[in-house]
Structures are given as C-alpha cells and as structure tokens.
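Residue numbers (our numbering), protein chains in the order written: chain A, 322 to 744; chain B, 322 to 744.
Check before you lean on any hint, since a few could be wrong.
When chains are identical, the list treats them as one kind, so a pair holds in a single copy or across two.
[What the hints assert, rightly or not] In the DSBU-like style, the derived pairs of lysine-lysine whose C-alpha atoms are separated by at most 35 Å in a straight line are:
id, residue 1, residue 2
1, Lys611, Lys568
2, Lys534, Lys744
3, Lys534, Lys331
4, Lys428, Lys611
5, Lys651, Lys744
6, Lys428, Lys651
7, Lys428, Lys568
8, Lys534, Lys387
9, Lys744, Lys428
10, Lys651, Lys627
11, Lys627, Lys744
12, Lys611, Lys744
13, Lys744, Lys568
14, Lys534, Lys428
15, Lys534, Lys651
16, Lys611, Lys627
17, Lys387, Lys331
Derived by calculation from the structure, the hints in this document are not laboratory data. Since we're looking at a predicted model, the values are computed, not measured.
There are 2 protein chains.
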Amino acid sequence: MSETILDISKYMNSVGQQARTASRALARASTATKNSALIAIATDLDNNREQLITENRKDLAAGAAKGLDAALLDRLELTPARIDSMIEGLQQIAALPDPIGEITNLKYRPTGIQVGNMRVPLGVIGIIYESRPNVTADAAALCLKSGNACVLRGGSEAFHSNQAIAASVRCGLEQAGLPADAVQVIATTDRAAVGALITMPDYIDVIIPRGGKSLIERISSEARVPVIKHLDGICHIYIDDDADIEKALQVTFNSKTQRYGTCNTLETLLVAEEIAESVLPELGGMLHEKGVEIRGCATTCSILPKAVAATEEDWDTEYLAPILAVRIVKDLDEAIDHINRHSSQHTESIITENYSKARCFLREVDSSSVMVNASTRFADGFEYGLGAEIGISTDKFHARGPVGLEGLTSVKYIVLGDGHIRK
Amino acid sequence: MSETILDISKYMNSVGQQARTASRALARASTATKNSALIAIATDLDNNREQLITENRKDLAAGAAKGLDAALLDRLELTPARIDSMIEGLQQIAALPDPIGEITNLKYRPTGIQVGNMRVPLGVIGIIYESRPNVTADAAALCLKSGNACVLRGGSEAFHSNQAIAASVRCGLEQAGLPADAVQVIATTDRAAVGALITMPDYIDVIIPRGGKSLIERISSEARVPVIKHLDGICHIYIDDDADIEKALQVTFNSKTQRYGTCNTLETLLVAEEIAESVLPELGGMLHEKGVEIRGCATTCSILPKAVAATEEDWDTEYLAPILAVRIVKDLDEAIDHINRHSSQHTESIITENYSKARCFLREVDSSSVMVNASTRFADGFEYGLGAEIGISTDKFHARGPVGLEGLTSVKYIVLGDGHIRK
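Could you build the full structure based on these sequences and the hints that come with them?
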C-alpha cells in the first residue's frame with residue numbers, strides 16, 4: 322500500500338487488464354454469489370471498525386496539516402454512524418433485485434423465431450470521486466450487484482481510508498469466490514492515474530465522475546470512453562396562473578429550503594404575471610424569514626421591496642446557497658422558453674391545476690426530470706424507487722436522470738428458434 | 322447547390338445552429354404532423370422521378386469518368402425500382418407507431434408521487450454514409466419520425482442525387498409546417514465538413530457512421546460526440562454435441578450462404594468434437610457444392626480433405642465472401658472462450674437440443690444478438706420487428722444490436738404530484 326508508484330502507465334495498464342478479466346467472471350456470477358459477496362464485505366467492515374477509524378485518522382491528520390477547511394474535513398471523517406450507514410448500504414443493495422439476466426419483450430415473430438432482450442452488465446466501470454470515503458463502498462456495491470467490474474479513484478485526501486475499505490471489499494469478494502480484482506481501488510494519489518483511467522477504451526467501458534463541476538468538465542473533455550455525468554443543477558419551478566396558491570407556496574418553499582447544497586434544489590422561480598401579486602408577497606415573507614435572499618426581475622422587485630435586482634448572470638447560476646432568482650413571465654410559453662434557454666436539464670416543476678398546461682409542460686420541457694405539483698427535491702434515485710443511486714445524469718445518451726443499477730447495464734437481443742432459417 | 326464552399330467551419334456552424342433550432346420544433350411536433358411530412362416527401366419524390374434520374378446520371382457519369390468499379394456504380398444508381406422502394410420506405414415509416422411521448426412504468430411511490438418515464442428525442446443526429454443515395458431518404462425519415470433533427474453527409478460520388486432527394490425532403494417538411502432545416506444534407510463534398518460535423522457537441526448529439534470499417538474507425542477516434550457504430554460482423558455458430566443434425570446443417574448453410582456480404586453472415590463455425598464426424602462431411606459437401614471454401618483447424622482438415630488449413634488470422638477475419646473458418650472445440654466452454662476472444666460481439670448462435678447448454682450460451686455469450694437454433698441472418702431490425710433499422714450497433718452503451726426508432730430516443734423521468742413536498 323504505497324502512495325507512490327513509479328510507472329503509472331504500466332500500473333494502470335495492469336489494473337485495466339485485471340479489471341477486464343474479472344469482469345467476465347462477474348458477468349457470469351449468480352445473484353446468490355453477488356449477494357453473498359456484498360454481505361461478506363459488510364461483515365468485514367463491521368469486524369474492522371477500529372482499523373477503519375485508525376486509517377481515517379491518518380487522513381484527517383494529514384488533511385488538517387495541509388490546512389483543509391472544516392467542511393472538507395467533515396466530509397472526510399468516518400464516524401461510527403457513517404460506518405453503520407456504509408454497512409447498511411451494502412445490505413440494502415444485496416436486498417435489491419438483480420437486474421442482470423432479466424428477459425423482456427420476448428415475442429414471437431411471423432417467421433416463428435422468438436425475439437427478446439436480456440439485460441447484461443456494461444463490463445468495467447471507472448468511478449472518479451472526491452473526499453467522502455463511504456463512496457468507495459457504495460460504488461463498489463452498485464457495480465458488483467450490476468455484474469460490472471470497477472476501478473475506483475477516490476480523493477487523494479482520503480487515501481488511507483479508501484485503501485482500508487478496499488481491503489474489506491477484496492476480502493468479501495474472495496470469500497464469495499469472486500475475483501478480488503473485480504473491485505480495484507487505485508493505490509496511488511498520482512494524478513496521472515486519472516489521465517490513464519479515462520483513456521483506456523480497451524479496459525474501461527464507461528467513466529462516472531462524481532464531484533465538483535471543474536473535475537467533471539475536465540474529465541469529460543479528456544475522456545476517450547463514454548462518460549455518465551451531471552454538470553449543473555439549475556432547477557426551475559414555474560407557478561402558473563392556474564396554480565393552487567397553497568401548493569405553490571409549499572412546493573416552492575420545500576424545493577428551495579429543504580436543503581440548499583443539493584443538485585435538485587430550486588434555483589430559479591418563474592411566476593406567471595397574472596398570479597404574481599397573489600403569491601409573491603406571502604412566499605417572499607416565508608423565504609425572508611428563513612433567510613433566503615431573493616434576486617428578482619424588475620417586476621419582482623416592485624412587488625417584493627426586499628428583493629435585490631437580478632442580473633443576466635443570475636438566470637444561469639447554481640447558487641447551492643440560500644439565494645433564489647425570481648422572474649415574472651407572461652405565460653407558459655415564456656416559462657418554457659426561459660427553461661429551455663437557462664436550465665441545466667436537471668429538474669423542472671410546474672405548479673398548476675390546469676390539465677392542458679400540465680400536459681404541455683410534461684411534453685415540452687427537455688429535462689431529465691419534469692414534474693407537476695411536486696417538489697424538485699424528489700429528483701433522487703431513492704425517491705424514484707431505484708433502490709440506490711450512483712449519480713444523476715443530465716446527459717441524454719444511455720442514462721438520464723437518477724442512475725441506479727439499471728443505468729449500469731445494457732441489453733442484448735436473444736433469439737430462440739427451432740432450426741429456423743431466413744428465406 | 323454547389324460542391325465548393327469557401328468557409329467550411331462557418332458553414333457547418335450555421336448548419337449546426339439551424340439543426341439545433343429545428344430540433345426544438347421537431348421534438349414538439351405531433352405524430353400527425355410528422356406522418357404528413359413523411360407522406361409529403363414520398364409524394365414529392367414520386368412527382369420528381371425524372372429530375373432524380375437526371376441528377377443521378379450526373380453522378381454516374383462523373384463516377385464512370387473517375388473510374389469507379391462496377392459494384393460501386395451499381396450501388397450509386399437510382400433505378401425506377403429503387404425510387405419505388407425509397408417511396409415505400411417513407412410510407413412504411415409513416416405507418417409505424419410514434420415512439421415519442423410514450424409513458425412507461427408510471428407508478429405510485431410511498432410518498433404519494435407518481436414516477437414514470439416519457440420517451441423523448443435525442444435532439445440532433447449526424448449521419449455519415451457512403452455511396453447509396455437511398456440512405457438519404459431512409460435516414461431522414463427515421464430521424465423525422467423519432468422527433469430528431471438531422472444533418473446528413475452522403476458520399477461525394479452521390480452528391481447530385483443526394484441534393485435532389487434533399488430538395489424533396491425540404492419540400493415535404495415545409496408542406497407539413499415543419500422547419501425545412503430539420504433535415505439538412507450537407508451541400509459540399511469537402512472532407513473538412515465531416516471533421517467539423519463530428520466535433521460540434523453543442524449542435525450534434527450523436528453521430529452514426531455507416532460504411533466501411535476504415536470510415537467508422539476514423540470517425541470514432543476523432544469524434545467529440547457519442548457515436549453509434551458497428552465495426553465488424555465476425556459471427557459464429559457453435560454446433561453442440563447435443564445438436565439435431567438436420568437443424569445444424571440447415572441453419573449453418575443458411576447463415577453462411579443466404580448472402581455473403583452482410584454483417585450478420587456466418588464467418589466462423591465451431592463444432593463440438595463428439596459430433597464433428599457426424600455433421601462435417603455432409604455440411605462440407607453442401608458448402609463445397611455451393612462454392613464455399615473451408616479454412617479448417619487440423620482436425621477439420623483431417624475430416625474434410627478439401628478444406629484448406631486455417632491460420633490464426635482466420636479466426637479474426639470477416640470474409641464477406643464464400644469462405645468459412647471451421648474449428649473443432651472440446652465442449653461448450655471452449656466454444657464460449659473462442660467466441661469471447663474472437664467475436665466482434667455482433668451475432669452468435671448455438672445449435673443444441675440441450676436445455677441447460679442453451680440457457681448457459683444465452684447468458685454467457687456477450688454479443689449484441691445471441692441465438693439458439695436460428696440463423697445468424699435473422700439479426701436485422703426488420704426481422705426483429707423494429708419496423709426499420711438505421712444500423713446495427715456492436716457497442717454496449719446506449720444502443721445495442723439492430724437500431725430502430727427507439728435507438729434514436731432517450732427517456733426522461735416524469736413526476737406527478739398534488740402539492741407533494743419532500744419531508
């Protein structure tokens with residue numbers, strides 16, 4: 322276990338080869354075998370709590386010495402409660418249905434053959450993430466359950482914690498009779514390892530970067546393999562003139578204030594001009610009381626004297642903070658135009674009692690989650706019933722919205738015949 | 322209509338912008354509008370048969386002057402029958418169900434919200450193809466029906482034919498009240514246009530190259546947007562020792578000889594050693610009579626005196642010709658190992674009456690189509706009931722196997738609530 326490896330490209334090449342080999346065994350592994358590996362990993366983590374905390378303290382001490390801020394040190398820490406929740410996460414993923422091998426749409430064709438789809442793993446998944454060490458166990462579990470091998474690259478500040486978790490993962494895999502190389506945590510903090518990981522299409526089938534926007538942008542632009550990514554969460558609510566005022570107040574307040582730092586938090590509120598005077602004063606009061614700053618268009622500012630004038634930049638900003646941009650629009654069309662221009666295609670919600678406008682919003686807004694009369698905060702793999710989530714994709718290709726086990730799979734066609742030939 | 326455009330990058334940028342704008346209108350277009358555009362295009366092609374043939378003759382003359390071979394000139398030619406089939410193709414695509422807007426899996430969650438998926442277009446599709454001008458109408462129709470704008474780049478040798486078809490497409494779109502820029506056929510033969518097309522992620526959502534392997538490899542390696550591609554079709558049949566001999570003979574003969582030049586044609590036959598002596602002599606005779614050369618492993622050559630000795634290279638070759646590589650293997654495991662090592666992940670079929678071995682083959686072979694007792698020649702969008710096919714993907718990401726309308730779409734999540742907030 323060393324932070325320095327001399328020949329990174331040789332090391333990463335062997336990591337990749339081992340992952341590809343392990344992926345074949347994993348694709349064939351039965352549901353029972355995969356589940357027993359997940360439970361064995363959970364048990365091993367439980368048996369090694371002290372070791373985990375000792376290794377985590379090394380990272381915390383190094384982080385403090387390097388001058389990491391309190392928030393980062395907090396994310397880095399493995400408390401007993403966080404170890405509990407890592408263990409629970411593994412058990413929950415073991416309890417989920419196995420997506421692999423599921424056969425759908427198996428139908429007879431006029432020729433007599435039956436054609437259907439079978440769900441299969443993608444192969445090898447590379448995941449690049451930042452400081453939280455619990456992601457190591459989470460990501461390993463999701464890849465394992467979906468029959469994929471994975472190569473994990475955590476933040477350098479969590480190096481010792483990640484290696485300790487990796488040791489439990491290897492141990493659990495071996496106990497279940499699966500190759501330990503099915504989950505490899507890169508054993509170096511050298512940044513060149515990331516560069517190698519994202520440019521090995523022969524060994525890595527998809528990269529999932531989790532972290533800040535700059536990390537994700539850099540990886541997307543340099544990767545030579547497909548990337549499942551999520552850049553921004555500039556989420557909108559449109560309060561239609563046919564909205565139920567009480568629903569508008571509750572849903573907007575919840576979307577903005579339930580948590581400020583999440584990607585599905587409301588950032589821009591659009592209000593139909595006909596209803597603005599009826600809804601904004603009370604909503605403004607609720608938000609003001611909660612300490613949320615409002616940055617409004619000219620009309621908003623005339624209704625809400627405490628609002629600050631918004632600039633053009635506000636419509637394109639993900640605050641991740643107690644700030645809300647508010648704009649009055651003429652009607653649904655203008656709201657959809659604004660959303661299609663400024664949204665990051667994450668999550669948008671309309672508040673309306675009007676059937677036709679709800680139907681139009683659902684069809685025409687081009688975002689990964691489109692809602693009616695519901696809080697944007699619901700955009701989440703657990704809330705959607707996926708059972709788990711590796712991230713939220715704002716792309717359209719392959720996976721969109723919250724990505725659970727199914728997002729880590731593909732399908733192949735299967736054809737059943739009885740000596741059928743093509744005429 | 323000119324073959325030379327001075328500033329390619331400026332031209333392509335404006336093509337891209339127009340496509341992006343048109344894609345918004347197309348995503349919103351109703352099923353009836355899209356179908357009426359398809360029918361209007363078909364009618365316009367029918368009304369302009371003479372013009373199409375005149376323009377096509379310019380390409381044929383230029384091709385003959387350039388010394389194109391007979392096969393290429395044949396592919397280039399627009400005969401009245403080929404114009405008929407272009408027109409029929411458009412009518413068939415109009416008759417297919419509209420994939421866009423379909424809602425699936427809409428379920429209540431414990432919180433009371435309903436969560437489901439709605440099918441949406443990808444946006445703008447770039448298609449790069451070679452000599453056949455009928456691809457222009459086909460590709461335009463598939464993109465239009467699936468709600469996508471498209472930018473088409475046909476072979477330079479079909480320039481005049483493609484521009485003539487493009488004129489009918491524009492005319493049909495306008496008649497239906499859709500933006501003519503929803504389908505743009507690049508009006509230059511300059512190769513720099515391809516380079517620009519595959520590196521505009523702001524305007525192009527996916528590239529589909531159709532053509533020879535070298536074209537596809539070049540595009541995949543240079544593209545900065547996702548590519549749906551199909552490189553090789555090295556398809557296998559494994560005749561298991563529990564095969565029904567008659568089915569083995571018929572399916573193998575059909576897979577190899579029904580057409581030689583297609584990607585789903587059989588290229589390598591694997592035979593279980595226990596059954597080799599019972600099946601190979603008769604099969605060898607049938608193939609020999611048909612003029613198919615057999616390149617066999619040592620055991621094959623000892624059973625079939627007319628077989629030529631295969632080299633290692635034969636196991637990795639897509640012949641697209643009356644040649645078949647034949648290898649004797651010990652059992653199913655050795656067959657799957659051979660396939661996973663040498664296959665291009667296109668189509669593989671097992672011939673067996675054994676339930677467990679059929680089940681194992683279906684699960685463990687990692688190809689886009691995996692078959693039991695059926696000819697590899699069935700791997701085709703029409704045979705699978707997709708109604709149409711834009712190509713066959715040997716990738717795993719996003720689309721796999723024959724790609725029809727659905728492969729040109731994505732899904733978004735929709736959430737229906739009644740003032741629901743997240744606790």
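Here's how the hints hold up against the structure:
1. Lys611 / Lys568: within (18 Å within a copy, 75 Å between copies)
2. Lys534 / Lys744: Answer is between; shortest inter-copy Cα gap is 28 Å, intra-copy 55 Å.
3. Lys534 / Lys331: both (29 Å within a copy, 30 Å between copies)
4. Lys428 / Lys611: Result: close only across copies, 34 Å inter versus 56 Å intra.
5. Lys651 / Lys744: So Lys651 and Lys744 pass the 35 Å test across copies only (32 Å; inside, 61 Å).
6. Lys428 / Lys651: between (49 Å within a copy, 33 Å between copies)
7. Lys428 / Lys568: between (45 Å within a copy, 22 Å between copies)
8. Lys534 / Lys387: within (23 Å within a copy, 52 Å between copies)
9. Lys744 / Lys428: within (20 Å within a copy, 43 Å between copies)
10. Lys651 / Lys627: Answer is within: at 23 Å inside a copy they meet the 35 Å cutoff, but 81 Å across does not.
11. Lys627 / Lys744: Between copies, since 28 Å is at most 35 Å while 76 Å is not.
12. Lys611 / Lys744: Classified as between; 17 Å across copies, 72 Å inside a copy.
13. Lys744 / Lys568: between (61 Å within a copy, 15 Å between copies)
14. Lys534 / Lys428: Cα proximity of Lys534 and Lys428: across copies only (33 Å, versus 44 Å in one copy).
15. Lys534 / Lys651: Within one copy only: 33 Å inside, 53 Å across.
16. Lys611 / Lys627: within (14 Å within a copy, 87 Å between copies)
17. Lys387 / Lys331: within (30 Å within a copy, 49 Å between copies)
The earlier numbered hints are all upheld by this structure, with none contradicted.
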